[in-house]
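Visitor: Chains as they are written, first to last, in this note's numbering: chain A, 1 to 283; chain B, 1 to 314; chain C, 1 to 364.
Read the hints as simulated data drawn from the structure, not as lab findings. Treat the hints with caution; some may be incorrect.
As the list claims (entries may be wrong) - Here are the simulated distance ranges between beta carbons:
#1 A:F246 <-> B:D167: 52 to 60 Å
#2 C:E129 <-> B:M25: 36 to 44 Å
#3 C:R133 <-> A:S50: 55 to 63 Å
#4 B:F119 <-> C:R133: 25 to 33 Å
#5 C:D166 <-> A:I89: 44 to 52 Å
#6 B:R310 <-> C:R133: 20 to 28 Å
#7 B:S82 <-> A:M139: 46 to 54 Å
#8 A:T60 <-> B:L124: 25 to 33 Å
#9 B:R310 <-> C:V309: 44 to 52 Å
#10 B:D167 <-> A:M139: 31 to 39 Å
Said to hold, decoys possible - Chain A residues, not near chain C, derived (Cβ > 10 Å throughout):
#11 V19
#12 P124
#13 L175
#14 G188
#15 P196
#16 V197
#17 I199
Stated by the list, open to error - DSSO-like, lysine-lysine: derived pairs with alpha carbons at most 27 Å apart:
#18 C:K21 <-> A:K173
#19 C:K91 <-> A:K173
#20 C:K30 <-> C:K12
#21 B:K122 <-> A:K173
#22 A:K8 <-> B:K30
#23 C:K108 <-> B:K30
#24 C:K12 <-> A:K173
#25 C:K131 <-> A:K173
#26 C:K209 <-> A:K173
#27 C:K108 <-> A:K169
Think of the CB as a built atom: it goes at the ideal place given N, C-alpha and C, for glycine as much as any other residue.
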Amino acid sequence: MLIERKWKKWIFFYIPMTVFILFTLFPFYWMAVTAVRPDPELYRTWRQASATPFWTLEPTLEHFRELLKTTAFPQWLWNTMLIAIVSTIISLICGMFAGYALARLKFRGSEFLGTAIFVTYLVPQTLLFIPLADIIREMHLGNTPWALMLTYPTFLIPFCTWLLMGYFKTIPKELEECARIDGATRFGAMVRIIFPVAIPGILSAGIFAFTLSWNEFIYALIFMSSAELKTVPVGVVSELIRGDIFFWGQLMAGALLGSIPVALVYSFFVEYYVTGLTGSVKG
Amino acid sequence: MVGAGSAAGAALPGERVRISRLTRMLESEKLLAAALLAPGVVILVLFIAYPFVMAIWFSLTSIRVGDAGEFVGLANFTKAWSDTIFQVAFKNTVFYTFWATIFKFALGMWLALLLNRHFRFKRLIRASMLLPFIIPTVLSAFAWRWMFDPTFSVMNWLLFHSGVITDRLPFLSDGDWAMWCAVLVNTWRGMPFFAITLLAGLQTISPDLHEAAALDGANAWHRFWHVTWPLLMPVTLVVVVFSVIQTFSDFQLIYVLTGGGPANSTHLIATYAYQIGVASGLLGEGAALSLFMFPVLFAVVWVQLRFMKRMEGH
Amino acid sequence: MANVTIRNLNKKYDGGFHAVKDVNLEIRDKEFVVLVGPSGCGKTTTLRMVAGLEEITSGEILIGTRVINDLPPMDRDIAMVFQNYALYPHKSVYQNMAFGLQMRKYPKDEIEKRVREAADILGIGPLLERKPRQLSGGQRQRVAVGRAIVRHPQVFLFDEPLSNLDAMLRVQMRVELKRLHERLETTAIYVTHDQVEAMTLGDRVVVMKDGWVQQVGEPLELYGKPANKFVAGFIGSPAMNFVGVAITDLGGVLWADAEGLRLKVPPQMAERVRAHAGKRITLGVRPEALHPATGSDHADYSFDTAVDVVEPLGNEILVNFRAGGAPMVARVDPAVRVKAHQAIRVALDPERVYFFDEKSGAAI
Ligand SMILES: Nc1ncnc2c1ncn2[C@@H]1O[C@H](COP(=O)(O)OP(=O)(O)O)[C@@H](O)[C@H]1O
Ligand SMILES: [Mg+2]
Chain A
1 MLIERKWKKW IFFYIPMTVF ILFTLFPFYW MAVTAVRPDP ELYRTWRQAS ATPFWTLEPT
61 LEHFRELLKT TAFPQWLWNT MLIAIVSTII SLICGMFAGY ALARLKFRGS EFLGTAIFVT
121 YLVPQTLLFI PLADIIREMH LGNTPWALML TYPTFLIPFC TWLLMGYFKT IPKELEECAR
181 IDGATRFGAM VRIIFPVAIP GILSAGIFAF TLSWNEFIYA LIFMSSAELK TVPVGVVSEL
241 IRGDIFFWGQ LMAGALLGSI PVALVYSFFV EYYVTGLTGS VKG
Chain B
1 MVGAGSAAGA ALPGERVRIS RLTRMLESEK LLAAALLAPG VVILVLFIAY PFVMAIWFSL
61 TSIRVGDAGE FVGLANFTKA WSDTIFQVAF KNTVFYTFWA TIFKFALGMW LALLLNRHFR
121 FKRLIRASML LPFIIPTVLS AFAWRWMFDP TFSVMNWLLF HSGVITDRLP FLSDGDWAMW
181 CAVLVNTWRG MPFFAITLLA GLQTISPDLH EAAALDGANA WHRFWHVTWP LLMPVTLVVV
241 VFSVIQTFSD FQLIYVLTGG GPANSTHLIA TYAYQIGVAS GLLGEGAALS LFMFPVLFAV
301 VWVQLRFMKR MEGH
Chain C
1 MANVTIRNLN KKYDGGFHAV KDVNLEIRDK EFVVLVGPSG CGKTTTLRMV AGLEEITSGE
61 ILIGTRVIND LPPMDRDIAM VFQNYALYPH KSVYQNMAFG LQMRKYPKDE IEKRVREAAD
121 ILGIGPLLER KPRQLSGGQR QRVAVGRAIV RHPQVFLFDE PLSNLDAMLR VQMRVELKRL
181 HERLETTAIY VTHDQVEAMT LGDRVVVMKD GWVQQVGEPL ELYGKPANKF VAGFIGSPAM
241 NFVGVAITDL GGVLWADAEG LRLKVPPQMA ERVRAHAGKR ITLGVRPEAL HPATGSDHAD
301 YSFDTAVDVV EPLGNEILVN FRAGGAPMVA RVDPAVRVKA HQAIRVALDP ERVYFFDEKS
361 GAAI
């Protein structure tokens with residue numbers, strides 16, 4: 001290790017690190033404080049003095065109560081969860097299959113297909129949402145969860161395929177060859193040997209896909225119109241702002257509650273998530 | 001005794017593997033590959049390739065909600081090109097992408113270098129640094145919007161009471177300010193992605209290299225410039241490409257933060273396309289607006305593919 | 001009956017590389033055949049075609065009387081031990097060994113019985129519940145062999161199974177494999193690049209080079225009657241000494257001449273060498289057929305040189321010197337005292353001199 005003087009460490013490490021931490025986490029802190037602050041304290045203008053600017057002495061659950069009473073928030077949470085899980089599972093299955101085929105099987109056009117899938121990975125949702133809405137309507141999928149369960153995989157499958165293809169390539173091919181000699185079919189060797197060995201990679205892809213689905217906004221905004229079918233991000237935007245009035249307490253309560261499940265999943269699988277994240281950009 | 005087994009074993013039932021004809025067909029490498037690729041390819045063709053073709057078709061017609069419209073050639077594109085709001089939106093998109101990417105990269109690199117050191121609670125801090133990237137953007141953008149609120153802004157409160165300002169800052173109520181605010185929020189959200197991927201890149205660099213360079217008398221800056229940076233180049237390029245695509249096509253952040261206002265001064269291509277295509281129901285014009293993103297995205301992807309090919313060559 | 005027949009076997013890889021060329025091989029039931037050759041000569045490719053892991057470009061492979069060209073690996077009733085063992089990392093040793101039987105839907109108690117039997121033979125009984133990563137290299141190797149033998153397959157295939165072990169363990173496992181084969185009496189094809197392994201294990205040895213089979217024969221046959229210069233140099237350690245010589249016919253007696261060297265062509269060779277009179281050919285003599293000359297050695301088979309380097313190995317001494325413009329090694333009794341740079345007269349055993357065609361390398 002290189003040796004450093006103390007003051008240098010303060011200037012070059014502790015101070016910047018603290019600033020980074022404050023910058024990163026303050027909005028979440030503010031979200032939480034706002035959610036439990038009573039309205040009179042909340043709507044205090046920038047000129048008014050305050051004894052407790054950054055916290056509150058009278059925390060209240062009023063906003064949460066109102067949120068649950070006046071909106072279908074639990075339903076939104078459930079929708080988001082269901083859609084995220086189903087689209088993640090669909091994408092994982094497609095990604096595992098396609099990733100395996102691209103990593104292991106020899107067939108004409110495999111290189112082209114790999115590139116094509118990579119390119120679709122880079123197609124943003126905002127490029128296609130207008131015709132896609134039309135297609136969804138024509139398939140009579142509009143305003144059903146399937147509209148999202150089937151379209152989220154469009155940005156998850158390329159990612160899962162790409163990540164898992166890389167992972168499968170790191171598994172010695174002798175493993176499945178041995179399984180095939182032992183009596184397994186190609187498909188059997190893939191399912192019984194390669195997939196179990198690839199569980200860490202599958203988990204990484206799954207966690208990352210789950211957070212991406214949870215995060216998705218524009219498709220959910222356009223494809224879902226009934227209030228009780230919305231996902232959390234869309235519900236919060238469309239139901240908690242009436243006209244020009246922002247119910248900031250409820251908004252922040254909703255934002256907090258809507259973030260907790262994905263933050264929990266993330267915190268249990270940080271390492272897998274990071275692997276997925278860094279793997280997602282590896283060539 | 002096993003020795004006798006090789007002869008006796010053949011007589012045992014079940015020596016042959018029994019499988020159905022279908023699974024036997026999948027022993028063919030090509031058929032299996034086709035079967036495995038089919039589900040994913042079907043979804044991608046149905047919901048990416050097909051809509052893409054539709055987008056082009058839409059953009060050439062005057063289709064609107066409830067009216068199939070007719071072929072109008074490039075009229076939608078020429079109309080957009082002379083539309084002053086679109087011109088602003090296009091400039092905004094470039095501005096937003098350019099500055100946000102620069103800040104995300106610079107701060108992300110700095111943060112990665114900090115996180116690459118040994119300190120207490122490292123794992124916890126690294127994990128919490130990724131939160132802005134995990135939490136749904138729409139939800140965190142609301143927190144920012146609340147912090148930028150014209151009347152109740154905590155930042156104005158803080159700056160005013162600490163004597164830095166005498167009048168409130170027009171965070172979101174002035175077009176220029178609002179664009180910079182959007183850049184700030186985007187930077188906040190995307191910086192962790194840069195930091196963590198660059199950190200992963202840093203961790204693959206052997207410390208020996210740094211110690212060798214230090215022994216050679218290189219100072220910290222020289223070590224970064226001559227050792228770290230060249231080795232980080234490949235991962236940097238990829239991360240930048242991803243970020244540029246994401247930022248250039250961004251929608252949700254502006255949608256929540258300003259909704260394109262005040263006075264349509266903060267639209268991005270995507271939010272303006274949404275306003276025209278969805279809110280006003282002019283599908284053809286909206287599709288044409290979206291497609292203005294395509295050449296830029298295409299160029300970026302092309303650079304990326306070229307780069308990948310070159311990397312494979314080595 | 002599990003004899004393996006390979007007819008005109010060829011393999012061209014996608015890039016156009018011709019890795020296996022016209023291999024013909026008849027492997028008898030219960031025979032232990034070793035494919036040996038330098039790295040990249042096509043041994044693994046050949047083995048993988050027998051296993052069904054690599055497509056056959058042309059030719060035929062039969063097990064018994066059945067052509068198996070188009071059978072998937074699972075239907076070939078073979079077992080293979082890989083160089084990296086290929087143990088399933090997520091399965092215990094027991095599950096690893098049971099997998100092949102499970103795939104063939106054997107009853108549970110039969111599986112249990114066979115796995116325990118095999119584990120006892122290999123001495124891995126206490127390890128059955130461990131995962132592969134909790135095993136040492138030698139133990140993994142045994143598990144890999146165990147996994148192959150529980151199935152009682154018609155043919156065993158081994159691809160350099162010992163090359164990841166340290167030298168001591170390798171010698172020990174070599175003996176165990178030989179014992180195991182004697183016990184199981186199953187046809188085996190074994191691939192290695194190590195000629196010692198090939199000679200000790202093989203009932204017959206197949207020497208390959210650049211995709212061609214050079215010679216097939218029992219170990220001592222390869223050693224005693226190498227078909228060509230490559231086999232002669234490959235089999236035996238230290239390798240056979242070669243020196244280019246010109247053959248001259250002096251009144252019916254043939255002489256092999258090289259720079260500062262004149263040796264008489266031994267009478268038993270004279271017949272065949274005569275055709276090459278006046279041409280250059282290669283003379284080969286094994287290090288163990290060279291020794292310091294004593295009074296009883298004939299002058300026609302001796303020459304003078306100076307010792308270069310001496311390598312005392314304990315049970316023998318390797319003496320390096322130059323003769324006829326080529327470096328040579330003699331393997332001599334440790335009782336002989338030789339020092340570096342000392343002048344020495346070396347004699348060769350006229351019964352053990354070989355001649356090879358200079359161009360084709362074929363034995364004369
Ligand atoms: N999949 C492949 N594609 C192209 N060439 C290959 C492939 N596998 C092996 N080869 C080439 O075929 C030759 C023989 O390989 P191999 O049978 O593995 O040799 P050995 O086992 O005797 O060392 C080598 O030159 C190798 O480079
Ligand atoms: Mg090999």
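Visitor: Against each hint, give a clear statement of whether it holds in the structure.
Guide: Okay, the hints, checked on the actual structure:
Roughly 23 Å separates the CB atoms of F246 of chain A and D167 of chain B, a value that falls outside the hinted 52 to 60 Å. Roughly 38 Å separates the CB atoms of E129 of chain C and M25 of chain B, a value that falls within the hinted 36 to 44 Å. Between R133 of chain C and S50 of chain A the Cβ separation comes to about 60 Å, which falls inside the hinted range of 55 to 63 Å. About 32 Å separates the C-beta atoms of F119 of chain B and R133 of chain C, a value consistent with the hinted range of 25 to 33 Å.
For D166 of chain C and I89 of chain A, the hinted distance range of 44 to 52 Å is satisfied, since their beta carbons lie about 47 Å from each other. Here the CB-CB span from R310 of chain B to R133 of chain C is close to 37 Å, at odds with the stated 20 to 28 Å. Checked against the hint of 46 to 54 Å, the pair S82 of chain B and M139 of chain A fails, with Cβ atoms roughly 36 Å apart. Distance hint for T60 of chain A and L124 of chain B: a CB-CB separation of about 30 Å, consistent with the stated range 25 to 33 Å.
Checking the proposed 44 to 52 Å range against R310 of chain B and V309 of chain C shows it holds: the Cβ atoms sit about 50 Å from each other. Between D167 of chain B and M139 of chain A, the C-beta spacing of about 54 Å breaks the proposed range 31 to 39 Å. The Cβ of V19 of chain A lies farther than 10 Å from every Cβ of chain C, with a closest approach of about 43 Å, so its non-interface assignment holds. Look at P124 of chain A: its CB is around 37 Å from the nearest CB on chain C, clear of 10 Å, so calling it non-interface holds up.
The claim that L175 of chain A lies off the interface is violated: its Cβ sits roughly 5 Å from the closest Cβ of chain C, which falls inside the 10 Å cut-off. Once the 10 Å rule is applied to beta carbons, G188 of chain A is inconsistent with being away from chain C; the minimum gap is 7 Å. A Cβ of chain C approaches the Cβ of P196 of chain A within 10 Å, the least distance being about 5 Å, so the stated non-interface status is violated. Under the 10 Å C-beta cut-off, the non-interface status given to V197 of chain A relative to chain C is violated; the minimum distance is some 6 Å.
Annotated as non-interface, I199 of chain A brings its C-beta within 10 Å of a C-beta of chain C; the closest such distance is 8 Å. For the hint linking K21 of chain C to K173 of chain A, the alpha-carbon distance of about 25 Å falls within 27 Å, and the restraint holds. Among the hinted pairs, K91 of chain C with K173 of chain A is consistent with the structure: their alpha-carbon atoms are about 17 Å apart, no more than 27 Å. Between K30 of chain C and K12 of chain C the alpha-carbon distance is near 30 Å, which puts this suggested pair outside the 27 Å criterion.
Annotation: proposed proximity of K122 of chain B to K173 of chain A is violated, straight-line Cα distance about 37 Å (limit 27 Å). Taken as a hint, the K8 of chain A and K30 of chain B pair is broken in the structure, with Cα atoms around 62 Å apart against an allowance of 27 Å. Only pairs whose Cα atoms come within 27 Å are accepted, and K108 of chain C paired with K30 of chain B is rejected, the gap being roughly 35 Å. At roughly 20 Å between alpha-carbon atoms, K12 of chain C and K173 of chain A fall within 27 Å of each other, so this suggested pair holds.
In summary, the hint linking K131 of chain C to K173 of chain A is supported, as the alpha carbons are separated by about 19 Å, within the 27 Å threshold. Among the hinted pairs, K209 of chain C with K173 of chain A is consistent with the structure: their alpha-carbon atoms are about 26 Å apart, no more than 27 Å. Among the hinted pairs, K108 of chain C with K169 of chain A is inconsistent with the structure: their alpha-carbon atoms are about 34 Å apart, more than 27 Å.
Violation of the numbered hints given earlier is confined to hints 1, 6, 7, 10, 13, 14, 15, 16, 17, 20, 21, 22, 23 and 27; the remaining hints are satisfied by the structure.
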